[in-house]
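Number of protein chains: 2
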Amino acid sequence: MISFAGGIPAPQLFPYEEIEEAYHQLFRDITKRAEALQYSISEGYPPLRDWIVEGLRKQGLQAERHHVFIVNGSQQGLDFLGKLLINPGDEIAVENPSYLGAFQAFNCYQPRYLTVPTDDDGLRTDLLEPVFQKNPAMLYVMPNFQNPGGVTLTLERRQQLIALSHEYDIPVLEDDAYGQLIYEGEPLPTLQNLDAMARGGEVENGNVIYSGTFSKVLAPGFRVAWVVAPKAVVERLVLIKQAGDLHTSTINQMVVHELLQQDFMVDHIQKLRSTYRARRDAMLAALDTYFPDSVEWTRPRGGMFVWVRLPEGMNGTALLEESLEKIKVAFVPGEAFFADRTGKNTLRLNFSMMSPEQIEEGISKLGGLLTQKIPNPVHG
Amino acid sequence: MISFAGGIPAPQLFPYEEIEEAYHQLFRDITKRAEALQYSISEGYPPLRDWIVEGLRKQGLQAERHHVFIVNGSQQGLDFLGKLLINPGDEIAVENPSYLGAFQAFNCYQPRYLTVPTDDDGLRTDLLEPVFQKNPAMLYVMPNFQNPGGVTLTLERRQQLIALSHEYDIPVLEDDAYGQLIYEGEPLPTLQNLDAMARGGEVENGNVIYSGTFSKVLAPGFRVAWVVAPKAVVERLVLIKQAGDLHTSTINQMVVHELLQQDFMVDHIQKLRSTYRARRDAMLAALDTYFPDSVEWTRPRGGMFVWVRLPEGMNGTALLEESLEKIKVAFVPGEAFFADRTGKNTLRLNFSMMSPEQIEEGISKLGGLLTQKIPNPVHG
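Chains A and B, in that order, are what the protein sequence lines are.
Quick note on the numbering used here: the first sequence kicks off at 1 and runs consecutively.
Quick note on the numbering used here: the second sequence kicks off at 1 and runs consecutively.
Take these hints with a grain of salt, some might be off.
Which copy is meant is left open, because identical chains are indistinguishable; a pair holds if it fits in one copy or across any two.
[Stated by the list, open to error] Listed next, the in silico DSBU-like pairs over lysine-lysine satisfying Cα-Cα at most 30 angstroms (straight line):
hint: 1; residue 1: Lys231; residue 2: Lys83
hint: 2; residue 1: Lys32; residue 2: Lys58
hint: 3; residue 1: Lys365; residue 2: Lys271
hint: 4; residue 1: Lys134; residue 2: Lys344
hint: 5; residue 1: Lys271; residue 2: Lys58
hint: 6; residue 1: Lys328; residue 2: Lys32
hint: 7; residue 1: Lys344; residue 2: Lys373
hint: 8; residue 1: Lys373; residue 2: Lys32
hint: 9; residue 1: Lys231; residue 2: Lys365
hint: 10; residue 1: Lys373; residue 2: Lys134
Hint data in this document are derived by calculation from the structure and do not stem from the laboratory.
Assemble the whole structure, with the sequences as input and the hints as a guide.
In structure tokens, the structure reads:
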């Protein structure tokens, strides 16, 4: 079985030695080890929050510890923000397609979805105004290497999105799970950054709530992620956290903080990028070689996913069944990523877990299956 | 400052060496270390769930892995069960007083509380039937060494409670956070056990949902706890968990499981019991010596708390202010533990964090303050 179905980091790339050593360091310090095993505050471990503030200040933002809130993985941030922002029946705006896990989090709070189309440059901001005119409770958007689309919102569109969010006063939830996994070009400013710059760099009083995570650059097993938001939002999230699970694991927050201090992190992130870049390149090359011309796909600058659009009328779910049975290649049919249940002819392909050789083999098999099903004038 | 305010384990008793060694063991195994850092299933780490099943079977219960669900500390179990069982406006039955953290979890789901009085033998089951006749969505109860009351529900009352829950078909949420911290007498069967025994020992189809935690016997910083419930309940909790935070930290579940396998745990739990027993004894002796006769308190057989009732008309919150200012002794005023906001003349005293000497000093000071305020014919 070759699987392009998951969306998880390659376990060969976890920095095992450094993580084990970080636990050591923690247990060698009798004050820290006692703190690590005890209950702690709902806001999150203060030095970890300060490290995040430091990063925001390097971007030119004015932020304080009270703007940062630690969660058990970014899924918990989405759930808590759903709880905070969505009342049953509220409309919320999402990209079409958008992240399935966000729908799962939000659905508990019974929103109705307003979908905004996307293309190779991300959310179609030229189509956003009529959606904002309906005054949705928020816009949920993943500007970098979107899951599932793999696309990146351009700088121009980011600016347009923020201008519209100011004009209509719509809160924006920016999910940046993949921002660090960039394989070409320069990183673009976050939506939160552009929003804050309109107020002299202040995160306070902003329209954007930012969600970041250590799952992609360190390890998902820790369940440590964060939210950056105006103080009043963080204060309400803290109350939800107190009622919800008291706090995120103290020892995990401290180990993550310990690792972030260390010099190896720069090389580690470079290694993640070069490994995943090679896998992305292998997938794009194989798609060019083996997929019929009538199939389209995105060319992600980062992240973990290539998004495939089959000719209209084809069905990703049916293709998956056939693929599993005949060629033992797995992927995720795209339909579930569309709040409006369109997109039956789409697929999501993950490239983070398989080697370049496995990627070529899997894509060649899948291309062969597709070629049988799609008479292709060029290849035929 | 002498504090009887908290409710947390004594950090001197954490098994630091054993925990550090457990991390080592994990990182020495290249399969386990990869698993520990990766995403995992929402249900929880299967060997940890199997270990819990093993314990249930030793009690004579018929349970399977699918009856066990791992959460980020028992607070998350309470939150998820609130989400599952409570619709806005539903009535739920609680002991009076009851655990403040449970109110915080449940309040998000907007219940109305039906209070059941308690005495030195726990919930007054002789007063339960009229409450069950109102058909509450559930009864939340802490039968062992209740927080805040310190009291233990007698076997007779447990049997009566279960008989009534069967007669009226009311779900019972049994919070057993402190069950392992027993300092005298034999442990009583859990409500879940008594409930299951009515069906030949089967957990399946039961009326009781059981909540247990590793926070008191290992360390709260891990945030690892569990729920035992019929399969259909666990399946719905799993969906809530997927949407809520995907899963509990993999590495923490695996380290907890590693520790539970080890021989030191028996001695470790004995050490917790003997240390806390000595602290409880010191507190009860000091109360006997220094508190006025018109003040009453419970004599807990386990757990972390003694519950104090001042003469009617006195106010715990006002006493706390005076105590902090004049004698620098902290405690928790009892009012917040009463869903009906009675109990203004009560206090909760924690004995787990202070040494016997500090306990004697703090109680003698508090007794002195009380003696000034309560003219006592015997001592006076």
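Going through the earlier hints one by one, which of them does the structure break, listed in rising order? 8, 9 and 10
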